[in-house]
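From the two separate chains plus the hints, produce the assembled complex.
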Amino acid sequence: MTGAGLRGRLLAIMDAHGRGGAVDPVQVEELAVEVLRYQATHGRVYGALCRRRGIDPARVDRWEAFPPVPVRAFQAFDVEAVEDGAGAPEAIFRTSGTTGGPRGVHRVHDLELYHRSLLAHARRSLVPLPGRVVALLPSPRARPDSSLVHMVGQFARYGGAGGEEGFHASPEWVLDTAGFEAALEEAQVAGEPVLVAGTAFAFVHWLDGRPAGARHHVLPAGSRVVETGGFKGRSREVEPAELHSLLSAALGVPGGAIVNEYGMTEMLSQFWEPPDARVHPPGERWHEGPPWVRTRILDPDTLEPAEAGAPGVLCHLDLANLHSASLLLTEDVGVPAGPPGRGGFRVPGRVQGAPPRGCSLAMEEVLAAERAGERPGEGHREHPGAYP
Amino acid sequence: MNRRAPEPEPDAELPGHLRRSGPPAMGALPARRRLQLLDRAARTLVSPSELPDLVTRVAREASLSGPVAGDVVRRMAHEWTRPRMDALLVADLGGPDALDDFVPLPGAPGGDRAKAVPDRFALHVGSGTVPGVSATSLARSLVVGTPALVKPGTGDVALTRALLDALVRLEPSLAHALAVEAWQGGTGALEARALQEAERVVVYGSDETVAAIRSRMGPAVPLVAYPHRVSLGMVAREALEEDRAPALAREVAEAVSAYDQRGCVSPRRIWVEEGGGVSVARFSALLEEAMDRHARTHPVGPMDEAERSSVRQLREVAGLVAEMDDGGPRGTRVGLPPDGGPGWTLLVDPGGQVRGTGGGRTLVLEPVGGLEEALATAGQLGTALQSVAVEAPPGRRLRIAGELAALGATRITSFKRQPWPPAWWRHDGGGPLRALVRWVALEAPEGSAPDHSSS
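Quick note, the sequences are listed as chains A and B, same order. Mapping to this note's numbering: the first sequence position 97 is 97, numbers consecutive. Mapping to this note's numbering: the second sequence position 118 is 118, numbers consecutive.
Since the hints were made in silico from the structure, they are not lab data. Fair warning: there could be bad hints in the mix.
[To be verified] Computed footprint of chain B on chain A; a stretch qualifies when at least three of its residues, placed anywhere within it, have a C-beta under 8 Å from a C-beta of chain B:
hint, segment
1, 46-56
2, 62-75
3, 298-311
[Stated by the list, open to error] Distance windows between CB atoms, simulated:
hint, chain 1, residue 1, chain 2, residue 2, range
4, B, 154, A, 189, 34 to 40 Å
5, B, 416, A, 176, 52 to 58 Å
6, A, 62, B, 426, 57 to 63 Å
7, B, 302, A, 245, 32 to 38 Å
8, B, 188, A, 27, 43 to 49 Å
9, A, 341, B, 382, 52 to 58 Å
10, B, 340, A, 25, 29 to 35 Å
Quantities reported herein were computed from a predicted structural model and do not represent experimental measurements. Ideal Cβ placement from N, Cα and C applies to all residues, glycine included.
This is chain B alone, in the form it adopts within the complex (with noise of 0.2 Å):
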């Protein structure tokens, strides 16, 4: 089932046929079988006859270059092999089992079981240029045992069907389970029937995304949506010291220039405290120099004149700010590449005076007096918070975290980690595999009830 663009009208039976043929398909596969297949496929595409070709393919359709592109496919294979996935379902689903038999509930005494039964057919929704987004989507409905019908966005087509074409080289029965196709979303028949047939949907997408498709759902059917998300960085004064400072800017500038800066996990502004052992003015030159260290191994990728045309406007506009600053005490500041092409672009804005946004990796450096602001700022954006990075000691840590955590943010991290969730990672605050399947108890025939005779 799938097929190779260009493909004028995708077949709208298709989701019909997936949810008429899958779960057969994919009932004959128990759970330990479809982990197994799928590390063998994440394993397949990281090989040395297979990455090449593939990153070459991703990096021209998501217009990354390939040192980046490279990046992208080897850290997504990875967490879709069996260690990763293993992992995964224990923090979701209590482990394999339950996908396959009525497993104890941990907790119910008695005897009560349940189950994690998946849906017969689900429709999954990509958009935008982020590679491995639908991959990943796509892998997570073969771990539950969905059949799905996976449309990427335009720059994520090619990984999530080399992904399937080798899970279906693998086990050709999943070819009656698994479909991607691409299409201009909101149009066209095939989603239409998708729509119908699908007993669950998965999105990911803009707000206006998420809504159309919701506005276009039966109203029993789940909707599983990740809309655009932010995030952001802060850095302790503690952190700031000599034999540390040079490989946090490091971290910091790869975490920016991961995804070319487009992936929700990527920091777009980080927090800098002032009053450590590495002055800001002292950091934001060693993050510009380790911007441009990183862009000379993994360059950005190709970026069309509207791209361009907004770093240009945020770059002009800061250096106004910076002229009419009239010699302010922090100093509003501008950092490029040497060549000053487009590449990327640091902006020290102390006062936070430079609205909008840029294009390429644009990253915006606040020095704050203390975190504490920082978290106020914050703290506005609510839900739309999603990982913060947080360079401090593990006390303060942990205290910031908590406040993020009640302000809105689902993740906090290091700038190593952060543009590279691990495979468990509570996705925008839930278990993503958990919300593909739905539980069925199975309540043991009697004495189990809870006992209130003896209160």
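Chain A with its partners taken away, still in its complex shape (with noise of 0.2 Å):
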């Protein structure tokens, strides 16, 4: 089938989903497969992959059985699979280079398919997703490379307004503090529910440097708080329970209206806490995907299923992922969590692509730091598992 064939197909499951319908996993398995091929087809990097394994996409009928794309591989090679023809992409995200690599690169060749996954989706997790955005990050314009930032954005279009308002961070991630707490203020007066959102860090040192007894914000009813977890040396670490609290009583929303987003630069949906899951306190939650992505936890010397309920590696299936790579080898330590068959899990561990332990460094680590100049929150990869 062809690319434009696999799209139409796929976005008609998206808006099903945004709808409120159900999705027949069956449709969405048989999908996936013929994804795959396609990606076997006109991918470099996926076709060099299953030749490596000896495979015959062709021959393959169970998504489970392609062999999933390291995510370390965006930082070797550009990971896309367009047919012959097509053009440059609509946009190049980065991430934050914290494997101690080079930054990775998702070069992106159909945004309207990312908008419409990433709205769907959130629509069905925020409950409601509301339409006013302030946020503790750059404008999309000012950071066109940040997945996370063109997320938001995508958010803040969805309320109607441009896209670019409710930002309050310089392109080089200085927070504008006071700019926000205008923003929360007004939000407050216009009595409209807001979405604030940013990176755990970002939060961190926004609260700590409101001054004692700064008064507490109450953030209209149907307000969401969305933080993106990641504390990377950038703050001081605060453990996720605490630092919920800390912005419940500073926003004056409830906790379960603080909802924890996992997402990867590389992968264009995204991960929430579900409703059901934000009744609980932070660390006993869970995250979601969309019913276009699968996500399996797999040994990582046998790429097999981990043993029932032990950690393993994250590897996810992403639809949305048609002109780069669906099947995703995270670096991400997981387990299954939440009620079964919904295919939840959560990452408990160490923060993904944490350096081998000790007082060595490799070479790479020394000049990919040196190049990048690394700039907090740039890469999207936030999640539970950045916390200490």
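This is the structure we're talking about:
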């Protein structure tokens, strides 16, 4: 099938999910096989991976039997799956380079597909998805290579704004806390639900910088606080429960309105804590993806399923990655969590890409850090596992 | 003062106690007596009655296999013995006498003298999982006579405590001068108090750890920092001869495998020059054999999912590079144990295309037409560069050493010696004892000032 045909079927699934409808899992898994065959045919990297494994995609009829692409391949190659004559990518997102190597690059050829995926699942997960955005992030125009910023920009567009308003950090990620406070006040006065977004370390910087006795906000009912985890030594490290408690008090929202997002630059769909997970404290919550995403928890040595309930490396199937690589082997370690049959997981352990223990550095770590002059939160690879 | 874990609330008064009681306790022990105590304690640790249990504890705590932990304990203890410490004292302070008395200042005319004076109290902070780092820091503090609180890294508590226990058994008064406490770095009243009381702080850790501690210290307090470093290796074509290559491969394998490659002295990448009597391909095959053989006697320690995942990523990407190499001239190759386990990986990466790091024991071998190419790359590391093993004929080795020194390296060595620096090494370019003392000059009353009248 052509890319256009696959895209059409995928959009129909996304729209059905976005409207609150059910999606037939068999239909998704059949589509997955076709998408992976398409990528083996039209993707230089995925084709090479299948060849290396001696896999003939035409003979494989289960998506689980296809080989996953290691996320570090996005550092070494242009991971694309496009038909001849395809134009330049519509967006290029870069990772933060936390694996001690260069920054990974995700060349996105179909932003519409990305946006439909993003909004459909966010609407179902955040319930509601507020239209007004106040973010401790640079604006999308300032940081076009950040998939995190792009995502929040789409939320702002969804609310009817131009997608550039409500962002309170410089292109260098210096926080404009005064502007952020003023925007929160404004939202409170307007009485409309607001989506407050930021990385965990940005929130901690903001909270730490508030004068003692600063007045707490009381955000309108229906507001949501989206935090994306991650400290990476850029602020004091705060346990998730403490961060939630501080945010809840400072913003005047219940704990269930604070939602963690697990996402990665290499993947166009997101995992959110669903509403029934948010009745639990942070450490007991879990993440779920949309119906066009599947997650397997694998033994990193064998790539066979980890023992039931045991930790393993997360391997995601994301059909929204139609034009790059849909089957991704991450470096994140997770365990199954949440109600059976919903594909939920929790990332309890160390930060992905954590450097080897000890006092030695690899050459790449030093050179990559010097090249990147890495800025906080530039890459979109934030999740609860980043907490110490 | 040596307390056994678990201790949820270490006594925040400990630094004050050490600062008050430590100086008289240390002062009552002349330098030679302290050296003797350290020597006896080191020998006790490796005695048949103590060593097996200690190795077991170190292995468990640091996630090393028993044989690897055994090597670490024996090698470390050896460096704390009297002959090794005497050599360090001579290299750093001219000998032990300067710690007890004003001694003649070498080269100074007219009787000027100097004394190396310890602090009243120092804080030593270790981080990470390399055993022996904090114990060595404790030993150095004892040698110069500074009362100290030592916070070992999470994988370094057992050996540090064992050393202190052995010392206190020999000389109970040391319990009032030295203490080992483990706590979560960056937290708690004990750390805050220790930073207040310390006249000097020694830190081993990442740039972030060093910066975090520096930000909490008083501006006048000296900080002795040993940040993480990069160590490398170079093999000249002249070294690649049939009679030398197998032994060299063994030495490289052992250098990589010590501490499971976690030490700052552990090589992570070696450059091998093409054009020798033994081809690079043959040498890499010898190296694979050596890595595997060594892993059979010295297995890699337990690796968690994150480390194994990191190895998997590296191998997968290298495999992709090889697949897409289109039969390139030199060929990317991934060597791994016969069972495919994560224990060791040898990545032959001609174009430097495979980026990122692995876990376990992962060595990148980059073939080069000339070591000059390697020098250019090493030069980009600047002061992050530490130990470089160079295998080359003497004249060429000396030239390369000169260039590496100019680029930022602080130790040029052989693969055989690379993972086990001697007590007297210039740690990151400085004398480790010299960094712990304050020199006090005692100038002769008259007649010794430089005489300019004849000029």
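Hint check:
1. Counting residues of the segment 46-56 of chain A whose CB falls under 8 Å from any CB of chain B gives 4; the rule of at least 3 is met.
2. Given as covered by chain B, the segment 62-75 of chain A passes the check, having 5 residues with a CB less than 8 Å from a CB of that chain where 3 are the minimum.
3. Closer than 8 Å: that is the beta-carbon criterion, and the segment 298-311 of chain A has 4 residues meeting it against chain B, so the requirement of 3 holds.
4. Taken as a hint, the range 34 to 40 Å is violated for the pair residue 154 of chain B and residue 189 of chain A, whose Cβ atoms sit roughly 49 Å apart.
5. Separation of residue 416 of chain B from residue 176 of chain A is about 57 Å and conforms to the stated range, judged on CB atoms against 52 to 58 Å.
6. Taking the beta carbon of each, residue 62 of chain A and residue 426 of chain B are about 60 Å apart, inside 57 to 63 Å as hinted.
7. For residue 302 of chain B and residue 245 of chain A, the Cβ-Cβ distance of about 35 Å falls inside the hinted range of 32 to 38 Å, so the restraint holds.
8. Separation of residue 188 of chain B from residue 27 of chain A is about 55 Å and departs from the stated range, judged on CB atoms against 43 to 49 Å.
9. Between residue 341 of chain A and residue 382 of chain B the Cβ separation comes to about 54 Å, which falls inside the hinted range of 52 to 58 Å.
10. A beta carbon spacing of about 33 Å between residue 340 of chain B and residue 25 of chain A agrees with the range 29 to 35 Å that was offered as a hint.
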